[in-house]
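Colleague: Each protein sequence line maps, in turn, to chains A and B.
Residue numbering for the first sequence follows this note's numbering, starting at 1 and increasing by one per position.
Residue numbering for the second sequence follows this note's numbering, starting at 1 and increasing by one per position.
Please note: incorrect hints may appear among the correct ones.
With a straight-line Cα cutoff of 16 Å, these simulated EDC-like cross-link-like pairs (lysine to aspartate or glutamate) come out [stated by the list, open to error]:
| hint | chain 1 | residue 1 | chain 2 | residue 2 |
| --- | --- | --- | --- | --- |
| 1 | B | 196 | A | 370 |
| 2 | B | 359 | A | 144 |
| 3 | B | 170 | B | 137 |
| 4 | B | 125 | B | 88 |
| 5 | B | 436 | B | 418 |
| 6 | A | 397 | A | 379 |
| 7 | A | 333 | A | 370 |
| 8 | B | 359 | A | 222 |
| 9 | B | 294 | B | 447 |
Covered stretches of chain A, as calculated for chain B (at least 3 residues, CB under 8 Å) [stated by the list, open to error]:
| hint | segment |
| --- | --- |
| 10 | 77-84 |
| 11 | 209-219 |
Here are a few chain A residues that sit away from chain B, every Cβ distance over 12 Å (derived from the structure) [as the list claims (entries may be wrong)]:
| hint | residue |
| --- | --- |
| 12 | 104 |
| 13 | 167 |
| 14 | 179 |
| 15 | 253 |
| 16 | 298 |
| 17 | 365 |
| 18 | 375 |
| 19 | 408 |
Quick caveat, the hints were computed from the structure, so don't treat them as lab data.
We put the beta carbon where it would ideally sit given N, CA and C, even for glycine.
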Amino acid sequence: MTANRRDFLKASLAGVGLIGAGSGAPLFLSRTAAAVPAADKAGAKDTILVVIELTGGNDGLNTVVPFNDPEYAKLRPTLRQTPAQVKKINDQLGLHPSLAGFAELLQDNVLCIVQGVGYPNPNQSHFRSMDIWQTASLNENVSEGWLGKALKGLPGAPSFHLKSNNEASPLALEGAPVRVPSIATLEEFQLQLAAASGADKKEQRDIIESAARSNGGPGLLDFVQRTASNTYASSRRLQEIGKNYQPQTPYPNTPLGGRLKLAAQLIDAGLGARLFYVAHGNFDTHATQAPTHARLLTQLSQAVTAFFKDIAARGHRDRVLVMTFSEFGRRAKENGSRGTDHGSAAPMFLIGGKVKPGPVGEHPSLTQLEFGNLKHHTDFRQVYAAILDRWLGVSSKDILGAEFSHAAIFKS
Amino acid sequence: MAGAGVKNLDPLWAWQPYRPSTEAPWNLPRVGHLYRRAAFGATYAELQAGLKAGPEALLDQLLKGGPGLAEFDAQMASLAQSIARYNDATHLRAWWLARMLHSPHPLQEKITLFWHNHFATSYAKVQSARFMLGQYELLRRHALGRFSELLRAMSSDPAMLIWLDGRDSKKGNPNENYARELMELFSLGIGHYTEKDVREAARAFTGWEIQGTKAVFNAQQHDDGVKTVLGQTGNWNADDIVRICLEQKSAAPFLVAKLYRFFISETAAPSPELLAPLAQQFRNSDYDFGALVKTMLASNLFFSSHAYRTRIKAPVDFVLNIVRGLEGAIGATALAQSLEQLGQNLFSPPSVKGWDGGKSWLNGQTLLFRQNLALALTSTEDARFGRRCDPAALARKYHKETDAELVDFFLHLFLQGDVAAQTRMRLLHYQQQAHKLPAPVYWTQQDSADQRVRSLCHLVLTLPEFQLD
């Protein structure tokens with residue numbers, strides 16, 4: 001473990017009162033030691049997971065396209081991608097033409113496509129379905145997310161929600177032992193003070209930080225204090241990270257590109273970061289879908305490809321796994337507004353040096369639809385289970401509440 | 001603030017009008033609480049006057065609004081014309097924030113904000129300041145009126161027709177977007193309708209188009225066939241679907257629960273029994289929202305510990321509480337722009353569900369943005385706000401001079417003095433020892449004294465208690 005990482009963890013944990021000033025190190029070391037997966041597991045060497053939420057319901061049928069299926073052309077009279085347009089995966093399947101970068105990653109054997117992912121009795125509400133994916137539970141009113149729970153098994157593992165301005169922290173990260181900080185940019189992740197002198201600044205900082213110290217009381221005040229303590233501790237530590245990150249490959253100048261570049265920077269800073277969460281969207285294409293969908297997929301493909309090339313060039317190729325998901329796919333048949341309404345099953349992408357490249361599972365049938373929607377054959381929790389057990393090295397059964405057979409997303 | 005146990009709240013007690021008593025006296029914290037929830041915070045003078053006036057008179061004043069509303073509206077309407085004419089989204093946001101800051105009837109703006117969050121429509125897709133203003137006016141017109149009328153009018157609101165694709169929904173090939181959200185988010189709540197209800201109702205909303213700057217009904221594109229929605233069969237149109245939705249048992253409790261979260265508490269979900277009397281009142285009054293607002297704000301529950309500081313301040317409240325408190329003569333444009341970082345960009349909610357609010361307002365980054373914005377507003381050194389919001393000038397206005405007077409002044413203004421004794425002691429200690437800290441040589445004594453007041457005010461605004469609403 002690097003010194004950087006140790007300091008960061010100590011600062012974060014001290015901030016929320018998980019360790020005391022004097023007794024901190026042993027507790028922290030023993031907790032982390034227990035959480036390191038056994039050496040023969042895929043998650044042995046500080047693996048990193050980057051989750052990309054495709055907000056709004058990505059049209060899976062036009063993302064991974066069964067271009068040779070005659071039913072496809074019938075279902076998508078105006079929105080279809082022709083065999084000449086798609087980036088061919090094989091003689092049946094092709095990627096949307098905007099996913100040029102993903103086609104490269106496929107060539108490079110680092111892109112896995114899990115087809116037909118969903119869950120039983122699919123819900124067509126954005127918000128309910130998003131909650132289901134984020135809590136990994138079909139039950140209502142679950143307050144903890146699957147990643148937040150995973151972090152209980154990785155105590156102190158630095159994790160980040162890299163956010164845009166209008167974005168709250170995701171339910172997926174709730175329940176973590178230390179609240180996962182949301183960050184827009186490193187420059188803005190600092191507490192500013194106006195003071196007469198350095199001594200004055202120190203006095204002010206002391207007052208602000210002591211007011212944020214929680215005495216474990218009930219209610220919202222305690223929540224605010226914990227959030228504040230954790231934030232001040234993280235921001236102090238992150239100030240020391242070099243501002244001038246030089247990526248190994250150019251990133252697209254897009255919000256997603258900027259956030260993944262920040263992820264690469266935080267990975268490279270040696271803090272021991274394990275988990276990143278970013279959102280991209282909005283994919284809710286009820287009308288005039290084609291230009292919006294193409295733009296969003298281009299942004300996704302360019303940003304993820306740049307990130308992966310950058311991080312691979314720094315020697316982290318086998319340490320990083322990127323996962324994309326959306327709350328649902330869209331209706332098989334397009335609507336009268338050149339758009340698509342809410343659907344169900346859709347593909348997930350996994351990118352990393354350890355993934356099993358190529359498609360996993362069949363494309364869902366276009367004739368055996370369920371209420372007009374594609375039927376799933378793989379439960380998303382099978383993908384989560386493989387990631388939790390084999391990548392993060394935490395027990396999927398504890399987090400998902402049941403055993404799920406692993407989706408075949410990793411090289412055996 | 002005492003109250004019955006959360007689990008065993010007596011609905012009868014909860015919704016009866018609050019009368020001051022020995023256990024629940026009319027005091028500064030209660031005045032501040034009412035001003036935060038029913039307006040956007042108070043000035044020092046307003047707090048003192050509210051304390052004298054008593055709860056009934058103060059609430060009455062907030063419900064009715066002050067004098068000069070018609071004149072204010074006329075002035076703002078003329079500004080709105082140029083915003084619409086030039087499709088100026090930046091000043092659109094500033095315009096509403098200025099309304100919240102200066103309207104003689106802040107409760108009306110607050111409820112309009114509630115409705116904006118309910119019918120959450122974004123400029124990001126609508127791309128028309130004119131239509132966003134039109135929807136704002138619709139929301140404000142009905143803010144304290146009948147929800148049934150508002151919901152009916154929303155079916156043909158141009159901004160909504162763009163936002164949820166109603167204008168593209170045609171006979172034979174309906175678009176489900178509006179019909180789904182009408183049931184899920186606007187009237188019933190998830191679980192109270194089926195996918196089939198959504199698909200059938202979508203047919204009833206077909207035929208609305210936008211021509212020029214107006215919504216127009218095109219009978220050619222309307223599906224006038226028979227539909228079955230929520231158990232009722234007929235050749236329903238948009239108004240019929242709204243009527244059918246509002247006839248459902250789940251409609252009134254759904255809206256009442258949402259207002260409960262807005263006015264009473266985000267922390268504990270209310271039991272159906274607690275909400276039942278209000279839901280009944282709401283339904284029986286043909287969804288008279290103004291009456292519902294009044295019942296809630298006047299209630300024992302509202303003035304109890306179950307409501308006090310049980311919400312996280314929304315960004316709009318955070319900034320307006322500061323600016324109102326400091327009596328800042330501040331331009332609304334920079335202030336409105338800063339709201340985007342704090343996570344509440346007006347006229348641009350993140351999704352049709354609106355802002356989640358509650359704990360989700362605060363994460364690492366937004367907390368730092370809040371603290372840094374409080375600094376920018378109070379330091380007088382930020383180019384966006386300058387000296388127009390100066391705590392030192394305010395303290396002079398109210399003749400607060402000694403260290404103890406100053407500490408108590410800002411604690412009263414922003415937190416009504418309700419902080420731990422230790423917190424007050426720390427601030428007082430800071431203020432006292434700050435005299436001894438070195439300062440730049442070119443500062444006069446007055447400069448140093450003013451700087452101390454500004455720092456003190458900023459420190460008060462960074463207290464965790466100030467994040468609570």
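Colleague: If a hint holds in the structure, say so; if it doesn't, say that too.
Modeller: Quick rundown of the hints versus the structure:
Under the criterion of a C-alpha separation no larger than 16 Å, the hint pairing residue 196(B) with residue 370(A) is consistent with the structure, at around 13 Å. Using a Cα cut-off of 16 Å, the hinted pair residue 359(B) and residue 144(A) holds, with the two alpha carbons roughly 13 Å apart. Straight-line distance between C-alpha atoms of residue 170(B) and residue 137(B) comes to about 28 Å, which puts the hinted pair past the 16 Å bound. With a CA separation close to 15 Å, the supplied pair residue 125(B) and residue 88(B) stays within the 16 Å bound.
Proximity of residue 436(B) to residue 418(B) is assessed by CA-CA distance (about 29 Å); at most 16 Å being required, the pair is judged violated. Between residue 397(A) and residue 379(A), the direct Cα distance comes to roughly 15 Å. Compliance with the 16 Å bound is thereby established for this hinted pair. This hinted pair checks out: residue 333(A) and residue 370(A) have alpha carbons roughly 12 Å apart, not beyond 16 Å. A hinted pair counts as satisfied when its Cα atoms are at most 16 Å apart, and residue 359(B) with residue 222(A) qualifies at roughly 12 Å.
A distance of roughly 47 Å separates the Cα atoms of residue 294(B) and residue 447(B); the hinted pair therefore is violated under the 16 Å criterion. Here the segment 77-84 of chain A counts 0 residues with a CB under 8 Å from a CB of chain B, which misses the bar of 3, and the coverage is violated. Residue count for the segment 209-219 of chain A with a Cβ under 8 Å from a Cβ of chain B: 4. That meets the three needed, and the coverage hint holds. The beta carbon of residue 104(A) sits about 31 Å from the closest Cβ of chain B, which is more than 12 Å, so the claim that it is off the interface holds.
Taking the minimum C-beta to C-beta distance to chain B, about 6 Å, the non-interface status of residue 167(A) is violated against the 12 Å cut. Once the 12 Å rule is applied to beta carbons, residue 179(A) is inconsistent with being away from chain B; the minimum gap is 8 Å. Residue-level check passed: residue 253(A) sits 19 Å from the nearest beta carbon of chain B, beyond 12 Å. Against the 12 Å criterion, residue 298(A) stays outside the reach of chain B, whose nearest CB is about 19 Å from its own CB.
Even its closest Cβ contact with chain B, about 20 Å, leaves residue 365(A) beyond 12 Å, as expected for a residue assigned away from the interface. Annotated as non-interface, residue 375(A) keeps its C-beta farther than 12 Å from every C-beta of chain B; the closest such distance is 15 Å. With a least CB separation of 32 Å from chain B, residue 408(A) remains clear of the 12 Å interface cut-off, as annotated.
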